[in-house]
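What follows is each chain in one-letter form.
Protein chains: 2
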Amino acid sequence: MSTVIGDITMSVDGFVTGPGADVEHGLGRDAEGLHAWALDSADPVDREELRSLTAATGAVVMGRRTFDTVDAPGGWSEELGYGADQDGRPPFFVVTSSRPDRVRLAGSHDFTFVLDGPAAALRAAREAAGDRDVYVMGGGMLVGGCLAAGLLDRLRIHLSPEVLGRGTPLFAGAGRHRLVQRDVRVSASATHLTYDVRR
Amino acid sequence: MSTVIGDITMSVDGFVTGPGADVEHGLGRDAEGLHAWALDSADPVDREELRSLTAATGAVVMGRRTFDTVDAPGGWSEELGYGADQDGRPPFFVVTSSRPDRVRLAGSHDFTFVLDGPAAALRAAREAAGDRDVYVMGGGMLVGGCLAAGLLDRLRIHLSPEVLGRGTPLFAGAGRHRLVQRDVRVSASATHLTYDVRR
Numbered sequence: 001m002s003t004v005i006g007d008i009t010m011s012v013d014g015f016v017t018g019p020g021a022d023v024e025h026g027l028g029r030d031a032e033g034l035h036a037w038a039l040d041s042a043d044p045v046d047r048e049e050l051r052s053l054t055a056a057t058g059a060v061v062m063g064r065r066t067f068d069t070v071d072a073p074g075g076w077s078e079e080l081g082y083g084a085d086q087d088g089r090p091p092f093f094v095v096t097s098s099r100p101d102r103v104r105l106a107g108s109h110d111f112t113f114v115l116d117g118p119a120a121a122l123r124a125a126r127e128a129a130g131d132r133d134v135y136v137m138g139g140g141m142l143v144g145g146c147l148a149a150g151l152l153d154r155l156r157i158h159l160s161p162e163v164l165g166r167g168t169p170l171f172a173g174a175g176r177h178r179l180v181q182r183d184v185r186v187s188a189s190a191t192h193l194t195y196d197v198r199r
Numbered sequence: 200m201s202t203v204i205g206d207i208t209m210s211v212d213g214f215v216t217g218p219g220a221d222v223e224h225g226l227g228r229d230a231e232g233l234h235a236w237a238l239d240s241a242d243p244v245d246r247e248e249l250r251s252l253t254a255a256t257g258a259v260v261m262g263r264r265t266f267d268t269v270d271a272p273g274g275w276s277e278e279l280g281y282g283a284d285q286d287g288r289p290p291f292f293v294v295t296s297s298r299p300d301r302v303r304l305a306g307s308h309d310f311t312f313v314l315d316g317p318a319a320a321l322r323a324a325r326e327a328a329g330d331r332d333v334y335v336m337g338g339g340m341l342v343g344g345c346l347a348a349g350l351l352d353r354l355r356i357h358l359s360p361e362v363l364g365r366g367t368p369l370f371a372g373a374g375r376h377r378l379v380q381r382d383v384r385v386s387a388s389a390t391h392l393t394y395d396v397r398r
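Residue numbers (our numbering), protein chains in the order written: chain A, 1 to 199; chain B, 200 to 398.
There is no bait here: all hints are sound.
Here are a few chain A residues that face chain B, going by a calculated C-beta distance under 10 Å:
1. Val12
2. Leu155
3. His177
4. Asp196
Derived by calculation from the structure, the hints in this document are not laboratory data. Yeah, the Cβ is synthetic: ideal placement off N, Cα and C, and Gly gets one too.
The whole structure should be built from the sequences, with the hints applied where relevant.
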């Protein structure tokens, strides 16, 4: 059975984007440092974080705003792992209340739009993933919501050295959860934390 | 010149106590795991965190609620480092709006009550500390307030594997700050993060 992993980059004060996040500024504004470990780092620890994530992924679940951001022109970064090798690309399940009119990446990526909520999306993703992992890659509302609903087996937080003050909070309304610290990897630009979520 | 270090234990969702913190429950309720690394751990990494903090401390600054908690009967834990060796005990500066009527620990600890705010307390503490470090040890409002006011050189966060959902937030109103990840140490029960605060 696959493991369901919420995987997201967070500031030390708990934000997963800067302020003013929208389709054109998926990561918010004035928060470039937040994702520096993924976008700008040559540190082997950071590269291995991305590589290991990609290699283990059997399916990806994302929220609608995250989808809109990656499907926008110029939105998807080939360097983020899944883009480089089409054969190795996992299927993507998008939690949304309505299908988009057009999908820019439809020719190269396998998107399924799930209209009946995160739990249904995770069921479909588990089925598609086989023995590999299901990654809930964002945004913050979806990862936090899956944690709140008891749907995550594991939480992987890439902790960036930023105090943003404003933005999209990861844990708003997530409630009380005991974690088990499973693995911590340290690069020059982030601390990569992996926790098991205790049931 | 001494370094001013904000040092505090925090949950993954940014709380430094559980809900319902008061003088008798200084760490809040239902949040025992938060401080397990300091109170219950035999892990050599955790012990060294406490030891190195104590050894480098030239003066300690704390808020009034933290003082009331440690000065309450049974409140001060000798195991938290400063209690064990009276000669090695640093002076303590308490930020408060009024002097307490009595100080239980007055015979064994050197408390100064500073009535004109955190910056004044830090000035006095720096003077007392000489070349050693000044530790702002809590509570969360004081550490977050010192960060917001640009008074911290360094932020040391002991990150515990807990999502508390409620409690005393560290960063409420702290604003935007760029950090530099300086040192990360990992024990079985916490990740000890040290950041320089960029000016």
